[in-house]
Amino acid sequence: MPTEQLTPWERWETAGDERTIVVHWTTNSAYRLQAVELEESAQAVRVTVREVIPDGPVTMMAAARQAEVRLEAPLAGREVVDGSR
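Letter by letter, the sequence shown follows residues -14 to 70 in the working numbering.
Fair warning: there could be bad hints in the mix.
Said to hold, decoys possible - DEER-style ranges, computed between Cβ atoms:
id, residue 1, residue 2, range
1, Ser69, Val43, 16 to 26 Å
2, Thr(-1), Ala49, 15 to 25 Å
3, Pro39, Arg4, 30 to 40 Å
4, Ala15, Ala61, 36 to 46 Å
5, Ala61, Pro39, 34 to 44 Å
6, Glu(-11), Arg55, 21 to 31 Å
7, Arg55, Ala27, 17 to 27 Å
8, Val43, Gly1, 31 to 41 Å
9, Glu3, Val43, 30 to 40 Å
10, Ala49, Asp2, 39 to 49 Å
11, Ala20, Asp40, 13 to 23 Å
12, Asp2, Gly41, 34 to 44 Å
No lab work stands behind these hints: they were computed from the structure. Even for Gly, the Cβ is constructed at its ideal location relative to N, Cα and C.
Let the sequences and hints guide you as you build the complete structure.
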């Protein structure tokens, strides 16, 4: 049965406005994105990337991935936190 894991991301950036951010991470090319979860508070934005690891042998080839998330409120100086850590 495939395994779900929290995947750390490496960097983030805004995407044209204060309500959209893009997170970037490097992963195994065989892993599949399950979800990108977002939790917002007045002080921080927590972004959690979840991936699925397939059963059996997988390639060792890396893949650069990114995901865009839309915030409910503008970033406005809040800290962006990796939810996998």
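Hints, one by one, checked against the model:
no., hint, verdict
1, Ser69 with Val43: 16 to 26 Å, "holds (19 Å)"
2, Thr(-1) with Ala49: 15 to 25 Å, "holds (19 Å)"
3, Pro39 with Arg4: 30 to 40 Å, "holds (34 Å)"
4, Ala15 with Ala61: 36 to 46 Å, "holds (38 Å)"
5, Ala61 with Pro39: 34 to 44 Å, "holds (40 Å)"
6, Glu(-11) with Arg55: 21 to 31 Å, "holds (23 Å)"
7, Arg55 with Ala27: 17 to 27 Å, "holds (18 Å)"
8, Val43 with Gly1: 31 to 41 Å, "holds (35 Å)"
9, Glu3 with Val43: 30 to 40 Å, "holds (38 Å)"
10, Ala49 with Asp2: 39 to 49 Å, "violated (24 Å)"
11, Ala20 with Asp40: 13 to 23 Å, "holds (19 Å)"
12, Asp2 with Gly41: 34 to 44 Å, "holds (42 Å)"
Consistency note: the structure conflicts with earlier hint 10 alone.
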